[in-house]
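J.: Chain residues, written in single-letter form:
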Amino acid sequence: PCACLADALILPFLLVFHLSRKVTSIVPESCLLILLGLGLGGIVLAVAKKAEYQLEPNMFFLFLLPPIVLDSGYFMPSRLFFDNIGAILTYAVVGTLWNSFTTGSALWGLHRAGLMDPGVEAGLMDFLLFGSLISAVDPVAVLAVFEEVHVNETLFIIVFGESLLNDAVTVVLYKVFNSFVELGPAQIHATDYMKGVASFFLVSLGGTAVGLLFAFLLALITRFTKRVRIIEPLFVFLLAYVAYLAAEMVSLSSILAVTFCGICCKKYVEANISQKSRTTVKYTMKTLASSSETIIFMFLGISAVDTSKWAWDTALVLGTLFFILLFRAVGVVLQTCVLNRFRLIPLDRIDQVVMSYGGLRGAVAFALVILLDREKVKAKDYFVATTIVVVFFTVIVQGLTIKPLVTWLKVKRSDHHKPTLNEELHEHAFDHILAAVEDIVGHHGYHYWRDKWEQFDKKYLSQLLMRKSAYRLRDEIWDVYYKLNIRDAISFVDQGGHVLSAAKLALPSMPSRTSMSESSVTNLLRESGSGACLDLQVIDTVRSRRDKEDAAMHHVLRGSLYKPRRHKPRRRYKASYSRHFISPDKQERQDKEIFRQNMKRRLETFKSTKHNVCSSKSKARLKEKGRKKASAPQTPARDAPNGKTHRNVPWQEAAPVLVMVSSEEEESDSSETEREDDEGIVFIARATNEVLQGKTTPGSLDVCPSPCIIPPSPTLAEKELPWKGDQADLAVYISSETTKIVPVDMQKAWNQSISSLESIASPPGIEGGPQHRRFACPVLEEQPQSVSQAMPEQSSCFQFPSHISKSSRSQSDSSPDGAEQQELQPLMATEEQGRILPATESRWLMFNRASHL
Amino acid sequence: MGSRASTLLRDEEIEEIKKETGFSHSQITRLYSRFTSLDKGENGTLSREDFQRIPELAINPLGDRIINAFFPEGEDQVNFRGFMRTLAHFRPIEDNEKSKDQNGPEPLNSRSNKLHFAFRLYDLDKDGRISRDELLQVLRMMVGVNISDEQLGSIADRTIQEADQDGDSAISFAEFVKVLEKVDVEQKMSIRFLH
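Residue numbers (the working numbering), protein chains in the order written: chain P, 1 to 853; chain W, 854 to 1048.
Just chain P, same shape as in the assembly (with noise of 0.2 Å):
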């Protein structure tokens, strides 16, 4: 509760400062927060008469810390930590041992000069635990004031991995001097202290292990989550956090396993997840990131007004303050001593300045000393007291301080900026260029084992922890080539679509980049037409921003094209998660099949007027064959699509209409995608004679078709089932618009699925000449004009035909209009053919009865 009084404070302060540049430009904001934080503790101190709030160890360090932790390991720039591991790590252990041996000793030291208050009750064990917590580097402080600073990447990588990596010694530094506290100086053994250096390697080793075990189990699901979208973000998050947790609860480094878990699992994750899932756990990360570090910072000003734990002796604070920057520098010139010997580019003078200065402390070592026990640490006041005060002089002075001293020494800056593709493609060459020359010299040395170890990811690795399709397009030439067309085709977005000319575009010194870049775009549309790789909201505000000046006929067909795609998989998605969920990469296929399923029920209403259609062809053999030729292939066209349950049903069995609908009910039950490929059957089987002559009544009534057209006397099918109706309306609605959407594509799978229909609907005996002919009509789309050429023999031909004529005429009405208008209202032909479907598929049910009786 604290925790949410506390945001709720800070929010608008948050504001204020990112409001103000100027201020947060030379000061810190987590100086700021610090201050900001103090002042609230005091104005709560000075109306409670109490301090409230406290920053508790074990919130920081299972809520606070993870989130910190995860953001920077997670997008730890990996390539430039494992250049650096060596110095990072010697830093890390080496430093971290020596700063707290000497500052303890140190300290210790000046408590037996007598120079410290003698209410300071402390041995020399308890100089190093004091040592061991206030000497390590805290990641939450120097990546809040590094970031800003903005130093060369070399510099920022080497000061925060090892803020990073000397967790785990300032663990095990802690546990082992606490223990060695609780103990006294007179029970610890040798074997004691070889406890301690082995419990060192466990903790670290199995910290980084934990981590990486998580890390693999991260990407393996990533791997299979691609039906799942909505929660790939929060199994990133899950799986880091309980690795936090697992290596909490054993006592190992958790840092170290949420670092290493976030490093390792990032590139496979990436590759796995969706663009917005990416987007998501980007934003989210950072989020709690900057949330638990304000958090932090402004409970550490908080507390620090807390009197009642304080003791203050200056000899100590001072003390300590002179220790921690005189050792860490010393450390650090010896270091660096010993590492540019090893080191390609060596570190200079300025880089171990800033390297020293920037040994910020922190929260870290805040919590550890409130965490020690009064009982047995007797001077625990006065530690409370000192770590505060460092930790406010190395957050705020420091931090004030570094950025003019960055200025003054002239360090070297990062200047980012996105990677040009010539960047990417030569750095690449150049890998591979000094792998081969380490190779000529004989000399194993790094880009010998980076090279082993990318042929050993990409060869195993890769295949098994990342998507096919994420593997298959993995290429990081190519990515930066797709990032960047992306950028252009925002860019050339913004700048107005197509009005833009090329001028604006061109960059300065890019002269033939215009055309390029036009084309750059156009294959960005075209790839993402393909479907590859891309993330469909790029491509929908590509798209329509381009076609903002299309007409507004544009727009609805625009608009009813996409409904489909993605009105369906959401309906599945509530429905189940796990049944019949179809994958976004199969997407294409199930276009296909939808489009092949509408063909053919299609072709089965065409089917039903082809008699007529046909028969102007063959107006005499058609009056002879009439009546035989509708009841023969009608039921093999029926059950085609009704699968194979009900294949093997003879029509003649047929005849119980309702027993057939009820069975497809439970059927269609089990699955949306086969309730839909029933529909046709549904339709046929809920014909009734009643329903049949109401409906032509207003059939023939209205022209165009609307409401009214419903039978006013629902069949006993649709009494059962209401939703039948609704059903027909969609299935034939998206097969409109399906048509539109693929035309070109789908020219071989109209072929396929009239030839696949052909050889449904034709029996043996009645295949023929003729009714290849038939079937051809469709698929020529002379449909309108052949049905109102056949109107005057339907009438003659079938019991109802004045319905079908006239709604085939409306269809016919509306068709004079234009082709175009037609094309392009996929929402009023589906209207059209809903209403119509029903009515004449309700025929065919006559023709199996009348042929049946």
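Simulated from the structure, these hints should not be mistaken for laboratory data.
Where is the CB? At the ideal position from N, CA and C, for every residue including glycine.
Each hint should be verified, as a subset may be incorrect.
[Unchecked claim] Below, a sample of chain W positions facing chain P; criterion: calculated Cβ distance under 10 Å: (1) Ile867; (2) Leu977; (3) Ser984; (4) Lys1035; (5) Met1042.
Starting from the known structure of chain P, arrange chain W on it as the hints suggest.
T.: For chain W alone, kept in the frame of chain P given last:
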């Protein structure tokens, strides 16, 4: 180019190499032993086959290009001097070298020479420009088979367009240098030679 193919390294030769390449004495002797171990023909020169015997080079996408870079134009043997001269491109720039850049010939490991080495790997026909075809060839070597030719083509187009300043649809050395001006070439084109 040292014309004599001696199997023994003489002191004056070491001195010359030292002067030319900047390698230390111990580095030169170390590299010489590597040289002789690569030299299966034991004639004091390396042939392409000698290089190709290095197993890791066979799986390096640019392996053959790099091997070729060791051989002077039109020759298929390289002696120790030539070998060292090529390797000197990858020597890191040391602090004390930065100051004496002004006088004397440009050291082999200067930024410009490092870049030129990389440039020559692309520029097959040695006309001083990387054409689209040359770029495509290198791209094809470096990216996986999963990227289609069309995609590669667009990458190549884009790369050239990004670097091209004079509109000749090719990358000249000046353009190459310009486009990499923000890259820390000194570091990224250096390896650590054992002392």
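J.: Less than 10 Å between beta-carbons is the criterion; does Lys1035 (chain W) satisfy it with respect to chain P?
T.: 6 Å, holds
J.: Once the shortest beta carbon distance from Ser984 (chain W) to chain P is found, is it less than 10 Å?
T.: Nearest chain P Cβ about 15 Å off; hint violated.
J.: Answer holds if the nearest beta-carbon of chain P is closer than 10 Å to that of Leu977 (chain W); otherwise answer violated.
T.: 14 Å, violated
J.: Taking 10 Å as the limit, does the beta-carbon of Met1042 (chain W) come near enough to a beta-carbon in chain P?
T.: 5 Å, holds
J.: The hint names Ile867 (chain W) as touching chain P; please verify it with the least Cβ-Cβ distance against 10 Å.
T.: 17 Å, violated
The structure fails to meet hints 1, 2, 3 from the earlier list, while all remaining hints are met.
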